[in-house]
Amino acid sequence: MIKDMIDKQVIELKKLWANKRMLTFQLLNLAMIVFSALMIWKGLMFVTKVSVLLYWRFSRRIDCLFDDEMGWVDHNGRMSWRKYMLRCMLPLEDRLVSESPVVVVLSGSMEPAFQRGDILFLNNSVEKVDVGDVVVFKIKDRDIPIVHRILKVHQKPDGHVELLTKGDNNRVDDRGLYAPGQLWLEREDILGKAVGTLRYVGMVTIALNDYPVLKYVLVGMMGLFVLTSKEG
Amino acid sequence: MAKKNQKDDDESVEEEEELELLQVDVGDIMKVKQILDETVAGTISEKNEDLSSHGGKVKIEEDHRHDNMKLALMFTACCFAAMAQFGLKTEFPHDSNRWLLGLCCAVYFCISGILQLIMTFVDKDCIMVTKPLRDEAMIKLVKGSGNKEMDKYGIRVRTQFPRFSEFYTVILEFEGKENSEFVKETWSVGKFFDVDGFFDEEGLAIEIEELFQRFERGDFNKKESSDEAKTAKKSKKDSVKKD
Chain H
1 MIKDMIDKQV IELKKLWANK RMLTFQLLNL AMIVFSALMI WKGLMFVTKV
51 SVLLYWRFSR RIDCLFDDEM GWVDHNGRMS WRKYMLRCML PLEDRLVSES
101 PVVVVLSGSM EPAFQRGDIL FLNNSVEKVD VGDVVVFKIK DRDIPIVHRI
151 LKVHQKPDGH VELLTKGDNN RVDDRGLYAP GQLWLEREDI LGKAVGTLRY
201 VGMVTIALND YPVLKYVLVG MMGLFVLTSK EG
Chain Y
1 MAKKNQKDDD ESVEEEEELE LLQVDVGDIM KVKQILDETV AGTISEKNED
51 LSSHGGKVKI EEDHRHDNMK LALMFTACCF AAMAQFGLKT EFPHDSNRWL
101 LGLCCAVYFC ISGILQLIMT FVDKDCIMVT KPLRDEAMIK LVKGSGNKEM
151 DKYGIRVRTQ FPRFSEFYTV ILEFEGKENS EFVKETWSVG KFFDVDGFFD
201 EEGLAIEIEE LFQRFERGDF NKKESSDEAK TAKKSKKDSV KKD
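Going down the list, the protein sequences come from chains H and Y.
When we follow the UniProt record's numbering, the leftmost residue of the first sequence carries the number 1, and every step to the right adds one.
When we follow the UniProt record's numbering, the leftmost residue of the second sequence carries the number 1, and every step to the right adds one.
Think of the hints as simulated: they come from the structure by calculation, not from any bench.
Take the hints with a grain of salt, since some may be wrong.
Here are some chain H residues the structure puts well away from chain Y; computed CB gaps all over 12 Å [what the hints assert, rightly or not]:
#	residue
1	V10
2	K15
3	W17
4	N19
5	S36
6	W41
7	M45
8	R116
9	F121
10	K128
11	Q155
12	R175
13	L183
14	L208
15	P212
16	G223
Covered by chain H, according to a simulated footprint, are these stretches of chain Y (three or more residues, beta-carbon under 8 Å) [claimed, not checked]:
#	stretch
17	79-88
18	162-175
With a Cα cut of at most 27 Å, we get these calculated DSSO-like pairs of lysine-lysine [as the list claims (entries may be wrong)]:
#	chain 1	residue 1	chain 2	residue 2
19	Y	K148	Y	K177
20	Y	K124	H	K20
21	H	K14	Y	K47
22	H	K15	Y	K31
23	Y	K148	H	K14
24	Y	K33	H	K20
25	Y	K177	H	K20
Cβ atoms here follow ideal geometry from the backbone N, Cα and C, with glycine treated the same way.
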């Protein structure tokens, strides 16, 4: 039966190849479908003013290091040489960087509110962030964005705002994670406030990245289907 | 011996033809309509020498302008989308790139919307459009047979195949003419598909050729297409076939 299906698809493709106009139309149709999804994504980025450099972790062998973000730096702001070497040794495919208004929760520091594999929707067009808000922030000169909750907000008379964050599941606040000498975060360090969540959906993406072949198989099948079905 | 060989040849030709018969899942309505439409479009094309009652002397050319316009629109939309996706750095909060991104997205969605509107309200059920006849000799032949306007207007080929209905309708009318005369014919799909889904391409082609030749003769359907007229035409056709 699978052989029949493949044969049928091959016949359709041959027919398509013979008719160049139809082939162009179907290719453009396929491109428009893909671009529609991408433009919705970009449109969301435009509306939420978010650009998040997202560090996706797929290598299981260093999972244990990420489970406790406090382990990256000690209280003096120094990173142990072992962790630094490991981070530099990460192959490029392990450090896929994307910009999106949606992030996947990577670690367990926000349990039980968010688990690894949850998807968070971000909005950066909010002016003020308050105590209790879950935010994504990046420390200056570091690549890794962090998803934690705001613990304290200091508002100075001149309007300047200082923030302190902490992971729900961590024992102490994030001062150990900040840059050396930094005690507070500023509003500019905040990349977005979490406004919605989808449980576990990010696991699909994590699976697709753990097994890259799945990605190509899925996209290939979808592309073939769109090319050979002419419902457009 | 020679006769046997010829019989073998005929059989093998027949076998070949059978093998080439397209088979579809008759439950897949979209696929069935697609194949019927493709056959209709293929029959009404310049490659078909049996289309006109004047044989290969009258050739019908397909008009690709509308298709080309749609393709151009799709290509433009894809260019804007590609620029938004790959051409812009989106490291906000620098505002300049953000507005450009918004513009590209907006243009993409506008063009996409326009294309949808065109496909819904302009194309509707049309599957192809032909150009008016240009060749003097062809025009003379066709005018002689009855249809006086094939040099002024092209032909618009429309097909209808409602969901869950077994009846397939083909309509030929003048493109660009208000309240155009038309020829219309309806068949049950059972006439062209058997239980296993094998498609009688030749049979449909013959019906379409007859329909086109009716159009050529100027033998148009009455404007108020009542059921009686349809049934009368059908029974007339059946009786002509029996003869």
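Quick rundown of the hints versus the structure:
1. Every C-beta of chain Y lies more than 12 Å from that of V10 (chain H), the closest at about 14 Å, which supports listing it as non-interface.
2. Its beta-carbon lying about 9 Å from the closest one in chain Y, K15 (chain H) breaks the requirement of being farther than 12 Å from that chain.
3. With a minimum CB-CB distance of about 15 Å to chain Y, W17 (chain H) clears the 12 Å threshold, and the non-interface call stands.
4. The beta carbon of N19 (chain H) is not kept farther than 12 Å from every beta carbon of chain Y, the shortest such distance being approximately 9 Å.
5. Against chain Y, the non-interface label of S36 (chain H) is violated: not every CB pair exceeds 12 Å, the least being about 7 Å.
6. Distance check on W41 (chain H): its Cβ comes as close as 9 Å (rounded) to a Cβ of chain Y, failing to clear the 12 Å threshold; non-interface status is violated.
7. Separation of M45 (chain H) from chain Y is inadequate, the least Cβ-Cβ distance of about 6 Å not exceeding the 12 Å criterion.
8. Annotated as non-interface, R116 (chain H) keeps its C-beta farther than 12 Å from every C-beta of chain Y; the closest such distance is 26 Å.
9. Against the 12 Å criterion, F121 (chain H) stays outside the reach of chain Y, whose nearest CB is about 16 Å from its own CB.
10. Consistency note on K128 (chain H): stated as away from chain Y, and its beta-carbon is indeed over 12 Å from all of that chain's, at 16 Å minimum.
11. Non-interface call for Q155 (chain H) relative to chain Y: holds, since the shortest CB-CB distance, roughly 21 Å, exceeds 12 Å.
12. The claim that R175 (chain H) lies off the interface holds: its Cβ sits roughly 25 Å from the closest Cβ of chain Y, which is beyond the 12 Å cut-off.
13. No beta-carbon of chain Y comes within 12 Å of the beta-carbon of L183 (chain H); the shortest separation is about 24 Å.
14. For L208 (chain H), the requirement that its beta carbon stay farther than 12 Å from each beta carbon of chain Y is met, with the minimum near 19 Å.
15. With a cut of 12 Å on Cβ distances, P212 (chain H) stays outside the contact zone with chain Y, its closest approach being about 21 Å.
16. For G223 (chain H), the shortest C-beta to C-beta distance to chain Y comes to about 15 Å, beyond the 12 Å cut-off, and the non-interface label holds.
17. Counting residues of the stretch 79-88 of chain Y whose C-beta sits closer than 8 Å to any C-beta of chain H gives 4, which meets the bar of three, so the coverage hint holds.
18. Taking a C-beta to C-beta cut-off of 8 Å, the stretch 162-175 of chain Y contributes 0 residues in contact with chain H, too few for the three needed, and the coverage statement is violated.
19. A C-alpha spacing of about 14 Å is found between K148 (chain Y) and K177 (chain Y), which places the hinted pair at or below 27 Å, so the restraint holds.
20. Between K124 (chain Y) and K20 (chain H), the direct Cα distance comes to roughly 23 Å. Compliance with the 27 Å bound is thereby established for this hinted pair.
21. Taking the CA atoms of K14 (chain H) and K47 (chain Y), the gap is near 20 Å; set against the 27 Å cutoff, the hint holds.
22. Distance check on the hinted pair: K15 (chain H) and K31 (chain Y) sit about 14 Å apart at the alpha-carbon level, within 27 Å; holds.
23. About 41 Å separates the Cα atoms of K148 (chain Y) and K14 (chain H), which puts this hinted pair outside 27 Å; it is violated.
24. Restraint check: the Cα-Cα separation between K33 (chain Y) and K20 (chain H) comes to about 21 Å, which is no more than 27 Å; the hinted pair holds.
25. The suggested pairing of K177 (chain Y) with K20 (chain H) is violated, with an alpha-carbon distance near 31 Å, which exceeds 27 Å.
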